[in-house]
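Undergrad: Chain by chain, the residues run as shown.
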Amino acid sequence: MDIRFDKVSYVYQPNSPFEHRALNNLSFSIESGSFVAIIGHTGSGKSTLLQHLNGLVQPTDGEVTIGPYQLKAGVKNKQLRELREKVGVVFQYPEHQLFEETVAKDIAFGPENFGVDQEEVQARVKDAAKATQLDNSLLDRSPFDLSGGQMRRVAISGVLAMNPEVLVLDEPTAGLDPSGQREIMEMFNRLHEEKQLTTILVTHSMEDALSYADHILILNHGEVYREGPPLDIFKQKEALEDVQLDVPEVIEFLSKVKEQHGVEIPYEGQTIAELAKELAEMVRGGRDHE
Amino acid sequence: MEKSQIEFRNVSFRYHDDSPWVLKNVSFTIHSDEWLAIIGHNGSGKSTIAKLMNGLLFPQEGEIYVSGEKVVPETIWDVRKQVGMVFQNPDNQFVGTTVRDDVAFGMENHGLPREVMVERIQESLDAVGMQEYERQEPHRLSGGQKQRVAIASVLAVSPKYMIFDEATAMLDPKGRMEIMQTIRDLQSERSLSVVTITHDLREVTQADRVIVMNDGEVWMEGTPRDVFSKKNRLVEIGLDTPFVSKLAEEMKSAGLPLSREPLNHQELLEELWTLDSTR
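Heads up: the protein sequence lines correspond to chains A and B, in order.
One gets my numbering by counting positions in the first sequence from 1 and adding 42 to each.
One gets my numbering by counting positions in the second sequence from 1 and adding 799 to each.
Excised from the complex, chain B in its bound form:
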């Protein structure tokens, strides 16, 4: 196994002995430097996966490996240094009275020396474009800014993997854009695997790979293009396809031959352009 990946091996999990299985024999791998999206209906097990990855929960069956190390109570502190999490509600993630205190908090927990902390506060606030807000009170920031600070706090611990559990769900359109841009920038600048758990289908189209969960099982694994070509079947399991996929499908029904499954506006426009110039 590669050193820089997360692996789920035949993982099953339930919250109590007498409650139904939330995850059933789930196996998959998150590779280094990739952007993986996990989608699925409410209750499909997505968030449980996130909590298992950094030892907030432990499976009853199967094993989870982070960079080659098995996730067990004895290893969670090491695992948590590597696996950072950003959650849905930005207001629930603040502990410090200023932005810089907040970014420092995680590092303090990991016992980093002061000089390193000072340096990393700058570096991580820079990375999310919040360097000017260092001395501000977190509650005065906009939703998108708060989430960027939350991301900076995680970055400061220098994780190998970052998990975003519906991190844009409570944001306004601008806030969502800010977060997606921040994730793209981080991925292009550092060695980092990103896992986004989301209901937002346009966000999914930006990932390298998608895992679709259904009733606690891996229903499908593939590129966004593969996944969104399964239109009707996605709807059956409580999901949907993005606007572009729907429009492309209807265009095919209207008799327009498309050369491939378009994923975003640009690709669909290119298809139209080709059709328009060859008629």
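This is chain A alone, in the form it adopts within the complex:
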């Protein structure tokens, strides 16, 4: 689904001494089927933006359009329920929201709540568990007996069982070990492709933004600070540092190589092995010093 923010502002506790403008006249659009990373320092407005995507909050000003649904300042939206079926949100530490006796019941909770019939619910539970690589033998276990990584997969399965068209991920790898982080991100990447989702990833990991997103949106003080393809965004080291962000490590390293050796190796998504070859070429004199 296409997503559009049109001059959206959101003010917490308006007309009080605590008034705080979290989003300020924010406009951008996300094309259906794209994988967008939203980055920005703590307090830049990322979470508030995310809460607009399935109507948890309504704009103070302006208009949010998500496919056929609209959230407009001052207008009550009567299709919130439908919107929430289409937009699945995986919140931070989603395993804290597990509560059912068994894994299967927890995954089924969402679709059951939305009136999906039992047969269909059961099919979806199986599909969702498969998509997150949860073994079928775990379905009858208590979710609280599982490891942290497995619990997170259960929580994600619950969101997938709604068959969302838009998947919103709020720091989905926080707290996982390196393998767990990689597995979860690879899983989302695969789901994005297979189910042709529109995926929105809120992250502090510049590496993930670089590896998975096709478009990056940087927020600062509730406004769009920069947006564009990852390779363009991460060329702007100083602009990123000005808003307390950094560049992915590979790009940082290559810029130091340029400083010390005077040789520019542009980053175009090479693997580490390919970069090693280019560096080997550089020291063997295959590239002339500029």
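None of these hints come from the bench; they were simulated from the model.
Check before you lean on any hint, since a few could be wrong.
Below, a list of computed lysine to any residue pairs in the SDA-like style, where the Cα atoms sit at most 25 Å apart [to be verified]: (1) B/K1051 - A/S297; (2) A/K279 - B/E1066; (3) B/K973 - A/V285; (4) A/K118 - A/S89; (5) A/K298 - A/D274; (6) A/K298 - B/Q1005; (7) B/K1030 - A/E294; (8) A/K298 - B/L1062; (9) B/K1045 - A/D288; (10) A/K319 - B/L1062; (11) B/K1045 - A/L296; (12) A/K300 - B/N1063; (13) B/K1045 - A/E301; (14) A/K172 - A/E213; (15) B/K850 - A/P136; (16) B/K1030 - A/E316; (17) B/K1045 - A/E306.
Since the structure is predicted, the reported quantities are computational estimates derived from the model, not experimental observations.
Got chain A; can you put chain B on it based on the hints?
TA: Just chain B now, with coordinates in the frame of chain A:
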């Protein structure tokens, strides 16, 4: 045994009688003034170690000594004065309505006199660079600032050991940098042992020594350089190596002779520089 160290002697722990062992016969020592990193996959027992160190949990088997004193229910108040903890979520660590109240809280619990408290509030906020925020409300601070206040609150009790249990996991890049810088500054200025429990491999490279946990056992102990030279084996136990180690490995495969295992950008750049000037 030295007076200023933490020692685990053959420690085994499980949460219930019928649940699996979380730690199995674990022995290691944390020396005075060192920076030790503990890494391991989720569920490997890292955080349990942290909780055992200051008596939030007690082992079923084995003993834990803090500065020569055995950790048992009778000694935990003394132990907790020595072992300070900073946890993952900065928002869960605040009790005071202002930054200074918050820093005072731990000291109040330990019954310190007012004059000492006033002095230490200043001193510890100074140490983490938050002296200007003394009268602010903690919830208005950024993530990195909140964690620095949490560190100040622990420092105020003047511990010998500080444990950071994934204390940077929820922070943005700037916040992480702030915390790592704060830890480095503290270590250079006072006598303090630091234990960081983390999944962030770049943080690990800054430690003096690393303990790698796997399935409740000490899998390896060594310098970051030793540990990250075990690339494939680390991946097998759910871990990974930092970007620099990966690139160095690929450079060796591409036929570049490296004189040692580089740990950070600077060391790898130096290797490149040597190769470049000797060709």
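Undergrad: Would you pick out the hints that fail for this structure and give their numbers low to high?
TA: The structure breaks none of the hints.
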